[in-house]
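Novice: Each chain, written out:
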Amino acid sequence: AQKITQTQPGMFVQEKEAVTLDCTYDTSDQSYGLFWYKQPSSGEMIFLIYQGSYDEQNATEGRYSLNFQKARKSANLVISASQLGDSAMYFCAMENWGNQFYFGTGTSLTVIP
Amino acid sequence: EAGVTQSPTHLIKTRGQQATLRCSPISGHTSVYWYQQALGLGLQFLLWYDEGEERNRGNFPPRFSGRQFPNYSSELNVNALELEDSALYLCASSNAVLGRKRYTEAFFGQGTRLTVV
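Respectively, the protein sequence lines represent chains A and B. Going from the first sequence to my numbering is simple: count from 1 and add 12. At position 45 of the second sequence the residue is numbered 41 (my numbering), and the sequence of numbers has no breaks.
Since the hints were made in silico from the structure, they are not lab data.
Short, incomplete list of chain B residues facing chain A, as computed with Cβ under 7 Å: (1) Y29; (2) L39; (3) N52; (4) A102; (5) Q106; (6) G107.
Capping the alpha-carbon separation at 25 Å, the derived lysine to any residue pairs in SDA-like fashion look like this: (7) A:K15 to B:R53; (8) A:K15 to B:E101; (9) A:K15 to B:P58; (10) A:K28 to A:S54; (11) B:K9 to A:E56.
So the derived label-pair ranges between C-beta atoms look like this: (12) A:R84 to B:R11: 44 to 54 Å; (13) A:E68 to B:T10: 52 to 62 Å; (14) A:E56 to B:V113: 20 to 30 Å; (15) A:P125 to B:R59: 38 to 48 Å.
Every residue gets a Cβ at the ideal spot worked out from N, C-alpha and C, and that includes glycine.
With the rest of the complex left out, here is chain B (with noise of 0.2 Å):
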């Protein structure tokens, strides 16, 4: 079974510009999750998608944006990038099912190391 995955792994950009990573789930899970990991720093949460849909945000600007498609897969969307925005980028997917008392864990992609110069 394919884990999540990410794509591109690596990716430079200069400011101002504008970053597309992409995260496909583990074949079954409906729920996706992005976080920023700034060097040497902790997860910092981004964004929940579920069903297609935002469930959640982090405290980040608008224009960290993303979407969930009908396959689940996802994407992240950066504009006007500032220095700053360099991190490593993680998504995780989990099979959320209200209502259980076991839960999931969320199963993590290699990440997008995002560079802007």
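Chain A with its partners taken away, still in its complex shape (with noise of 0.2 Å):
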């Protein structure tokens, strides 16, 4: 069975701070790939980052980085120098070598000023 399980219903951060997100995934494919979206309060959701099973790096998009951890199957989500904007709905997503999505229930991150 696929799961994805986001074990930090919120969080704080201090504005310009660090701030990881934490993602567990679970599956019995070998290729697989994993995404994180960001969700503002406007509902749009936003693609964020994404890691390939198969890449040995961690993948970055700007302040954002996917600690990849394939033994362990985690794909934490880094945001550096965190920024008001920040403040969001953040969700873990894996798609399956059957093309489907799966997404965790989400991580509420709150920037404080």
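Two chains, each in its own frame: build the complex with the hints.
Specialist: Written out as structure tokens, the structure is:
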């Protein structure tokens, strides 16, 4: 069974500090993709970063990086230099070999000025 | 290039009525996913269509149904509406291709906010 687990319902971070949002996944597939999405209060889902299961290096996109530990089946999102606009819900997702997407329950991040 | 479009943006129905939600995927995308997001909660998987066929459905009662048309647009129907069906319904599309090593992200529409009164 495929499963995404985000154990942090809510997180707080001081502006300009770094924050790590946790994500673990469970799959028997050898090939899969991992994604992080941001959902501001407006409700839109914004794609942030992608990591392929075969990628040897951790993905980075600007202030976002994905700490991929395949053996531990974890794909944590690291946001550096937090900004007030980073306050939002963050969802970890996985696309399996059969192309179905699975989403975690999300983490609510609040950036404190 | 147009993104995923959903209509209507808002929908208000009374309990017991039927609701129809529509989604147009990004051009070239064959897969459409439907999710329900109740207020303050995560995404609950509803349905997945690809190439006109239902590939999988989540743990929802049969009154939640849908279809995908030949142009890959999709419709979600909710019959016998209940108050707890009030939620944001998100549609996403992707260019699902089996056998690849690089997965592409799902693109989301703005959602339809369904309110059942």
